[in-house]
Amino acid sequence: MDDFERELTRLMHDGRRHAPFEPGQRARLYEGIRVRRRSRVLWRAGGSALAVAGLGIGLALLPGTGTRSLPADRPPLPATSPTPPPLSPVPTSPAASTSLPATGMPGTTAPGHAAPPTFPPSGTPDASPSATHTPSSPPVSTRPPDTPPATQEATQEATQEVSPSMTAGGG
Amino acid sequence: MERYRADGFDEFVAARWSALLHVARLLTGGDRQRAEDLVQEALVKLWFAWPRVAEQAPEAYVRQVLVRMAARSARRRWWGERPVGELPDRAGPGDVSAAVAERSRLEAALALLPPRQRAAVVLRYCEDLPEGQVAQALGCPVGTARSHASRGVARLRQLLSDSVRPVG
Chain A
1 MDDFERELTR LMHDGRRHAP FEPGQRARLY EGIRVRRRSR VLWRAGGSAL AVAGLGIGLA
61 LLPGTGTRSL PADRPPLPAT SPTPPPLSPV PTSPAASTSL PATGMPGTTA PGHAAPPTFP
121 PSGTPDASPS ATHTPSSPPV STRPPDTPPA TQEATQEATQ EVSPSMTAGG G
Chain B
1 MERYRADGFD EFVAARWSAL LHVARLLTGG DRQRAEDLVQ EALVKLWFAW PRVAEQAPEA
61 YVRQVLVRMA ARSARRRWWG ERPVGELPDR AGPGDVSAAV AERSRLEAAL ALLPPRQRAA
121 VVLRYCEDLP EGQVAQALGC PVGTARSHAS RGVARLRQLL SDSVRPVG
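Quick mapping for you: the protein sequence lines, in order, are chains A and B.
Just so it is clear: in the first sequence, position 136 is 136 by full-length UniProt numbering, and no numbers are missing.
Just so it is clear: in the second sequence, position 7 is 7 by full-length UniProt numbering, and no numbers are missing.
Among these hints, one or two may not hold up.
[To be verified] To give an idea of the chain A side of the interface with chain B (calculated C-beta under 8 Å), a few residues:
no., residue
1, Glu5
2, Leu8
3, Thr9
4, Met12
5, His13
6, Asp14
7, Gly15
8, Phe21
9, Pro23
10, Leu29
11, Ile33
12, Arg38
13, Ser39
14, Trp43
15, Arg44
[To be verified] In silico negatives: residues of chain B with every beta carbon more than 10 Å from chain A:
no., residue
16, Ala14
17, His22
18, Asp31
19, Val44
20, Ala54
21, Met69
22, Ala111
23, Leu112
24, Pro130
25, Gly143
26, Arg151
None of these hints come from the bench; they were simulated from the model.
These figures come from a predicted structure and were not determined experimentally.
Cβ coordinates follow ideal geometry from the N, Cα and C atoms, glycine included.
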């Protein structure tokens, strides 16, 4: 330690004066303590509230919580299935009951089942004759070829009458 | 419990208030109001830590808080210059206020140091702390604290070379 450092030490020590701890300073100190304690309590309360809110939001946003579906809870399947239920034994008209096997395609469908994929739409009257009377179409029907045209027209009319009931019953 | 803590705390504050205020004044470069604010804030922190540090080293805790708060407040805001209505009188040779002027000059020179260097010089030459405790208060290695102190002293030597002379 050289002379300057010794002088620096003396200067710093000489400047020390006795300053009593006055009541006003004490009151100010405890006021600061009260303010700090209050702010700490508020910070803790706010932090806790934020934590609880975040936890609640997180639990609410978890996928599948509360809306998880069990197989037993599923509702029954709707009646619109590709295989409608079998027709009732009570016929709506004699022509429909007799013409159904003729217009249907028994060679491609199982007994008791209609064949919607190969059956022409009933709402398009000009499509069914072309589909049934196309010469190049393969002979999938077992209907005898010598059926008179009058019978074919009656069959088509019966088909147009029966098909809406089938779709209504199916749908 | 609060009363027990307040009793021991009050005794400590009453005993060390003057010394803490003097260190804080040097750390702030002679700003008495800011020094008092720093001591108040450091003692508020000490009150909450009192159950932990009362039996160990409460003064070291306050000293460390003071150094860090002084450095932080120096970074936060410029405190060194304040407008006044009248210029203060300069002390002449043989004036009875020569000691006061000398101290004011020391504080003004300390205010020109960076906060870390100032803290190292004050703790080393005013509090007479060893280098290890200076480093602990600064929160840095001993070599860094020694470097801060030596650079601060060199800067003060340059600033006070014409005023700090042994009186023959």
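In rising order, the numbers of the hints this structure does not comply with: 9, 12, 13, 14, 15, 16, 17 and 19
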